[in-house]
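Enquirer: Spelled out, the chains give:
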Amino acid sequence: MAHGDTVPMPEAQRAGGIASLLRSQMRNIAPFLTLIFLTAFFAIASPSFATIDNVGNILTQVSVTGIIAVGLTFVILCAEIDLSIAAIANVTGIAVAYFTLQESYVNIANVPMPGFAAILLALALCALLGVVNAFGLTVIGIPSFIMTLAMMQIAAGISAMLVRGQIAYKVPPVITTLGSGSIAGIPWIVIVAALMLLLGHLVLTYTRFGRYVYMVGGNREAAEYSGLNVKLILGSVMVISAVCSGIGGMLGVAHFGSAQQNEFDTYLLDSIAAVVVGGTSLFGGRGGIGNTIVGLFVLGVLNNGLDHVNIDSFLKILIRGLILLAALVINVYAQRLRAKAAD
Amino acid sequence: MLDSRPPLLQLQDITKSFGGVTALRGVDFTLRPGEIHGLVGENGAGKSTLMKIIAGVHTGFSGRFLLDGREVHFNSARDARAAGIAMVHQELSVAPDLTVAENVFLGNQPTNALGLVQWRRMAREAAEQLKRLGIDADPMSRLGDLPIGVQQLIEIARVLFSGARIIILDEPTSALSPPEVERLFAALRRLREQGTGIIFISHFIEDILLISDEVTVFRNGRKIMETRAADTSKAALIEAMIGKGRDALEDSYTHDITLPAPPVDKPIVVEADGLSLARNLKSVSFSVHAGEVLGVYGFMGCGQLELARILFGKLAPDAGELRVSGERNRFKSTADARRAGIAFVPESRRDMLFLQEPVYKNVSISILDRINALLLKPARERTLAQRQVEQLQIRPADVEIELGLLSGGNQQKVALAKWLSHPPRLLVLCEPTRGMDVGAKSDVIQIVRQLRDQGIAVIVLSTEPETVLSLADRVIVLKRGEVVREFAGETISKDRLLEAA
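These protein sequence lines map, in sequence, to chains A and B.
The opening position of the first sequence corresponds to residue 12 in my numbering, with each subsequent residue numbered one higher.
The opening position of the second sequence corresponds to residue 2 in my numbering, with each subsequent residue numbered one higher.
Bound-form chain A, shown alone:
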């Protein structure tokens, strides 16, 4: 269109039919095919994989990642990144334990409080860290990659100072229930993750704010020239991301049964991988919670399935890396196909 002389040809686009539809939907189709392929592969390779029990295992295993990935989806849709998610999850989980009365053998100088106060303080802490991220990104103008890298260290530092190398075990009862209890055979943590994913989806799809997120991610300059408060929207997604991480961290601590330093380290890569493998564009504006859910299952099936097929555990790490690389290739390639289709 740039040279103005291209004949507008919506008819031609339609005539292109299924092939062009497939190409433009590549980012949604590829992750889904990957999921089906992996599931079929493990189901054939291992008799213990395709069982009801194991489906429950997979759901439980991806829950904490899922909760964190909800907020991260917002951030990546805006073409930003949040590297502090795992560290914020960790510090929030530690904080809620820090404000809970521990057994006498736990050697932490903590400040016991009623359960609701502990939860509120922990939530306030993660929201505050999110606000600091937002401030650095929008007011000072530090790229999110660097800002959240600093926040990762800051949150890790707070964690370290709170527990001082010790391990806390107790969290408020409601958190214990949500993190490790179950109702009618369904773990609460799965229900919470499902509800948060649903809420994230509803916000992104049906609210004005959600539309703004997509528009800011699609073309930030255009959003600004359309009179949107781009900084407010960017700041908001950073806070949403931090709060989702915080909730994931609190439930995660209950789920693992302990709160300690570096407990969530693997969740940084897993959450980013879930969002990106699912097909949400790293360039912003495309994708959503639906993609993140598919991405979560791809990772969940992969991690779980590899345990069932008796592979060298070091090789597993390599395989995960290769799958992530393949997803990145598809992600970038899908963006290029779209750009070509729109030209």
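For the record, the hints were derived by calculation from the structure and aren't laboratory data.
Be aware that a few hints might be false.
Below, in silico cross-link-like pairs of lysine-lysine (BS3-like), each with a Cα-Cα straight-line distance of 27 Å or less [claimed, not checked]:
#: 1; chain 1: B; residue 1: Lys333; chain 2: A; residue 2: Lys242
#: 2; chain 1: A; residue 1: Lys242; chain 2: B; residue 2: Lys315
#: 3; chain 1: B; residue 1: Lys480; chain 2: B; residue 2: Lys283
#: 4; chain 1: B; residue 1: Lys480; chain 2: A; residue 2: Lys242
Go by the hints and put chain B onto chain A.
Expert: For chain B alone, coordinates are given in the frame of chain A:
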């Protein structure tokens, strides 16, 4: 000027389709050595498609392509370059972080026996070449630090002095000031004397008539007319381009225009008082009444872009104040300006459109907070968008279609439509008709006039005198960040405007 040698380039019976749409039908085109061949036609007429075939960008087409009388087949733009065909695209494609000299020699820097770049030689030769275009830039300065018009000239220089035998220039003059255009033309004439064939595409018919030997007109993928430039006129070319005369068009090209008396009885909508910004603006003051179009004219770099961005809260002035309906405003963001009733269309429409999104989401984005509280109401959005699409005659009239699939003129209309569902108090338009074909131009002029008649205050900022003359009721002229002249209630012409700037 034409010589008897065989044509440099001969295209015979070229037909090119994209998916079921035919972009070129049976087109013949000939370029002789030492000829400047002007191409005109509305957007979508097929000019760029033909040029992309010549430059090796489009490869699948039917018809014969002869170079020096011999048939050739290019598989890529690389092949075309190797055959001595070079093209300057409409959009700037320079490397702003490299030096001026590096940009001039991009891709073929002079090297010594060891393969090392000969910096001194490169700088000297670049400076010599640029002098011939009248550019006195330090060859070792960073290109991005120079004004945009100079950058464009340097990009043109790169192609002009590349030794190509066929040079295609697509809208080369749109960002240049009149003296820069003159220097470009002088350089083109020198190349013509050396036997280079030049194809010159422009919406500026005057430029075409001034520089071309031969002019070809395209319409709907066909060649409509080919004539010697000396034997035709602007009116004849325009008629051939659009097929019939149009009133609004004639208005927009009228030479003398009598401005109406300023509407002193109408309330002042926006008042700027002593706006200053770094080196760009020096104490700029003006006011706009309801139902009035204020034209702001000036050459590239006169401070227009900065002024427009201050009005929309994108830049904060160092000094001075802005009063909207008498109230002093300090916009912290573009959102503040929008809420104060100010609408803005930047000079590059891509900067305000979401090409990947459907038309209706583009139209509704700036009024979402007026039609929805928390939850979106997509049905309402579509209805509002549909109304705008029909009112502005946007084609195709489908609000679900991805905006990127619309033609440039229709995209520009969508950029306007964004602001019309909830009419603003002040509409700021930067270069509203730049790069548009005559038909779309006249549509935009009609739309702006309708808005003015509804009582909206409009500020039109442009470097094209025609744009300002065809739209404005009152004109201020900016020069190096200062208001140097105001035209109100008098007769003005393009000459007087240019003179003032």
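Enquirer: Now look at each hint and say whether the structure bears it out.
Expert: Do the hints match the structure? See the list:
For the given pair, B:Lys333 sits about 11 Å from A:Lys242 by alpha-carbon distance, which is consistent with the 27 Å threshold. For a cut-off of 27 Å, the pair hint linking A:Lys242 to B:Lys315 stands: about 12 Å separates their Cα positions. Restraint check: the Cα-Cα separation between B:Lys480 and B:Lys283 comes to about 10 Å, which is no more than 27 Å; the hinted pair holds. Pair hint B:Lys480 plus A:Lys242 does not hold up; C-alpha atoms about 34 Å apart against a cutoff of 27 Å.
Of the numbered hints listed earlier, the single one contradicted by the structure is hint 4.
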